[in-house]
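Protein chains in written order, with numbering that gives the first Met the number 0: chain G, 0 to 358; chain D, 0 to 694.
None of these hints come from the bench; they were simulated from the model. None of these values were measured; they are calculated from a predicted model. C-beta: ideal position from N, C-alpha, C; glycine also. Keep in mind that a hint or two might mislead.
[To be verified] Lysine-lysine pairs mimicking DSSO-like chemistry, simulated, CA-CA at most 30 Å apart:
(1) D:K408 <-> G:K105
(2) G:K119 <-> G:K171
(3) G:K277 <-> G:K308
(4) G:K308 <-> G:K254
(5) G:K254 <-> G:K171
(6) D:K218 <-> D:K408
(7) D:K78 <-> D:K17
(8) G:K105 <-> D:K17
(9) G:K277 <-> G:K232
(10) G:K115 <-> D:K590
(11) D:K408 <-> D:K189
(12) G:K171 <-> D:K520
(13) G:K223 <-> G:K254
(14) D:K218 <-> D:K684
(15) D:K77 <-> D:K17
(16) G:K232 <-> G:K308
(17) G:K119 <-> D:K520
(18) D:K53 <-> G:K105
(19) D:K17 <-> D:K520
(20) D:K590 <-> G:K111
(21) G:K342 <-> G:K320
[Unchecked claim] With beta-carbon atoms standing in for the labels, derived distance ranges:
(22) G:N20 <-> D:Y331: 39 to 45 Å
(23) D:M322 <-> G:N20: 52 to 58 Å
(24) D:A99 <-> G:E113: 56 to 62 Å
[Stated by the list, open to error] What the simulated footprint calls covered on chain G by chain D, stretch by stretch (three residues with Cβ under 8 Å from a Cβ of chain D suffice, anywhere in the stretch; the number is not a length):
(25) 8 to 17
(26) 53 to 65
(27) 284 to 297
The primary structure of each chain is shown beneath.
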Amino acid sequence: MKKQESSRVQLLNVVKSFGDNTVLHSIDLDIQAGSLTTLLGPSGCGKTTILRLIAGLELPTSGRVILGDEDVSVLSASQRDVAMVFQSYALFPHMTVGQNVGYGLKMQGIAKEERKERVKDALDSVGLDGFQDRYIDQMSGGQQQRVAVARALILEPKVMLFDEPLSNLDSKLRRQMREDIRRLQQELGVTSVYVTHDQDEALAVSDDVVVMRDGEIAQQGSPKQLYLQPNSKFVATFMGDANIIQGEVIEVGQKTILRIDDVEVETDRPMDAEHLGKNIEIAIRPEALSLTSAGDTSQPGLPCTITTKAYIGAAIEYSVKWRDQELFLISATGSQEFTIGEKASVLITPPGIAPIPGK
Amino acid sequence: MNKATQSRLLPSIKPRTKWVLLGLLVWIIIPWKGLEYGLFESTFSEILDAYAWKSINTSLISLSVFLLILLSPWRSHKKANLIEAALSISGAVSVLFIAAFLNESLGYSAAIHLTLLLLIFALALARMGFIQGDPFMTTAIVLIMASIAVFVLFPISTVFSKVLFLDDGTFTPLAFYNNITSFGVGRTLKNSLMLAVSVGMSSTFLALCFSLFSVRITKRFKGLTRIFSMLPIVTPPFVIGLSLILIFGRNGTINDGLLALFGNDGLFIGAGNDGWFSRSAYIYGFWGVFLAQTLSFTPICFMLLVGMVSTINPAVEEASVTMRASDAQTFYYVTLPLLRPGIANAFLLAVISSLADFGNPMVLGGDYDVLATEIYFSIVGAQLDYARAATLGILLLSFSLLAFLIQRKWIGKKSYVTVTGKGSGGYFQPLPAWIRRIATSVTLFWMLFTAILYGSILLGGFVVNWGADYTPTLAHYEELWARGMGYGAWPSYLTTLKFAAVGAPLTALMGLMIAYVTTRKRFIGRNIVDFSAMISFAIPGTVIGISYVLAFNTAPILINGTAIIIVISFIFKNMPVGIRSGISALSQIDKSLEEASLTQRASSIRTIFTIVLPLLRPAMISAIVFSFVKSMTTVSAIIFLVTADTQVATTYIMGRVEDGDYGQAVCYGSVLIVTMLIMILLVEKFIGRSRIERA
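For reference, chain G alone in the conformation it holds in the complex (with noise of 0.2 Å):
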């Protein structure tokens, strides 16, 4: 398959209503064209919605749907240049694979020869090439998901739209083919939008998240600027794990240095003089948390109590207690060893560390 001609798709103002029940309220969302653009949120967020609208299964109750440089919004399903490859798969049971993945190219009227043709690309493009024949039932959960895919691609669509298409396959069989989804979509350069609750999944994939919460967008950026730039608590702790502490901004500029406890410590974002000298949330991740005796006075630390001690293989989790607050931290094994209700100093160190702006 060639790379081919992708689009942009914006959602402007965008609103979307089931009867009394609002799912999605004034979106503005802008994918650019030929990335990977994420949708991640925990179930009912409304990110399926924006999937849906995108493709032209629902229409929007107000505003705009654009998809390159036309607008689309009222524009049927049938009617959009877009594919979609769905949750379920949605392969035609009584139909074989071949006819599957052809069966938007009928639809359109093309010969039978091109067709024959252009199926045998798409399934290739998937590693299926010589299925054509088969019924669906015959195919693995992983190979139906292959030609899903193929079946979407195949009509070389402005926009690929991906709804947790990995969610019925196993973890090992998730990792392979997020890889190969990523490896498609680079060769062909098509703007895709992928719906999944899983982070993982999420940072290995896009070039582009966007996490969503309650029918609003949360917070839109790259895969690393939400991890060590969330602007809130909530993105915060739905990239990943986080240790919400407070702590007092005491200086602001190129860099911002904040106070936990007797402990400062320096992050790369910056901050707005308007929060100097303030007590604000800092969402520390595990990994930049670790553990020393608490006789060493070498490094300042926060002084706390082992809770809880789980040996997972690579490393050793922790729950410690500091103060009155429970952090979770993770050290690699072969350093340092604690027992539980022995007293220990943590350390901070970045990368890792976020001041959450705001309330």
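Once you've looked at the hints, dock chain D against the given chain G.
Chain D only, in chain G's frame:
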């Protein structure tokens, strides 16, 4: 917006113009008014007078609407679609109301005009964004809603107005009260309810025994499920009642036997003595109807319960046993509570069926009058009291709706049994011994009893006069079938096949469409469709009959006495068959299949034809066959609607029963059973057995 988009947005100007032209054509060449004697038996001048252009009539309304729409002076107005929708629907409604007011009965071209107005209305709605701007689905929904309004809601409302208004239109709010408290109504109601509750309990108990027997006690009687799934479907009305008469009736086998032993000439008594026994009509009345209904509805309850019994996860019983519960405790505290929703469901289903049953009380009721038969007797014969019939109809409808609502709202959602599709491991615990004994003996006895009854139906047609003269004869068959196609049973048999063949595909289509739009689409008015579908599940045939008589005996829709009304009553009476098989088939089809098709650039109409219909084909076929078969056995809904020309099999049999000609009645009944069995077996061959048992 570019040009291509614009043309995609306005796809439907052309069909609208075409339809307007079709409307004009129809106006010219097809009669507008209803013909009292039908198209083929009216005189030339009668037909000529029926043409729209011969007189001033309601066609002026539809014509002017057509003309306005063709010209569309509002074309560039931003609410053009709204104007067009409002104009076309109000045109259709006012044709109906003004025709009613002018007492003008509408005919073929009127029907076409109304349909065209609805189509124009639907397209305008689609352009306004109804159902995501989908013209095909919008049209389907509009047509469904219109036909439900005309053939379900309108007739039922006529029943109510019959009770509340006198014939001259005076409002008589007390009439309903007077009618309800009038002599006999209370007793009839009490009879109906007592019968329904008793039959509900007995059928449920028997069905529970059977299902425990066939799932948990022995696998030897595998055919039981199959036979029970077929019996209620292929048994014509009256037939069970008749077989009970043959066995238990005044001249029945039991009476004869007892008489031969203990009668005044009996074996043990000796000639000349009075004997201990004389003929008795004990089977007529409560116990006869009770027995017949229990026989008729036990299989239905069984089909419901056996599904539940077999989907209980054995693991829960194993869990109970590991916690030191005995077999009896496990059954009482685990198994039975799990079945409780199923038991309640089966009970209510039997109650609803008993309330609606017309055939059995007709044959066996004697003095024990119930609502369904009283409605009939209020209209036929000397009484001709429509208001009383309507009152009884309302009572009957309310009670079966009530039972249905309880079943649906209260129990329908309380099913503990989840079908996951995963085979669950483990083995069922043995049932307590006494339950095994009861279930086994009840089942075996009842099977034997059923076999004897059905045997008597088959044999009853081959003897001169059951009870009096057991000489084998073919006379009944010759009388019915050998005197030429114009005599005996042939006319009614062929009429039945013809009506059923016309009605069945329409019934299936209507049912599947309703199932589709109510389960897959969100639209304004879905509640109405849902509600009407629900009514059609609960509405007793007799109530359909009385409401159709009342609604379609006057203008604007005067179709009483025609074949059309019988086919229509078949459609709306049997619609649940289509709805049910549609819903169960659709629940197996992932909704995203259709969405996948849509995102693959297939329009909704192509999606229906390439995805939905092929996947629904087995459901479609079974819906067609079952509505065909159900039409053949429908009696209550059409008993008021048939005429000499439109006599069908069931009404013919009823005539024979009323004449006391049981030989011919059972003989005809067995032919119907065989006909229906052949049809079902043929279908099984094509679409497989499992689907039939599910339907």
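Structure versus earlier hints - violations, ascending order: 1, 3, 4, 5, 6, 12, 17, 18, 23, 25 and 27
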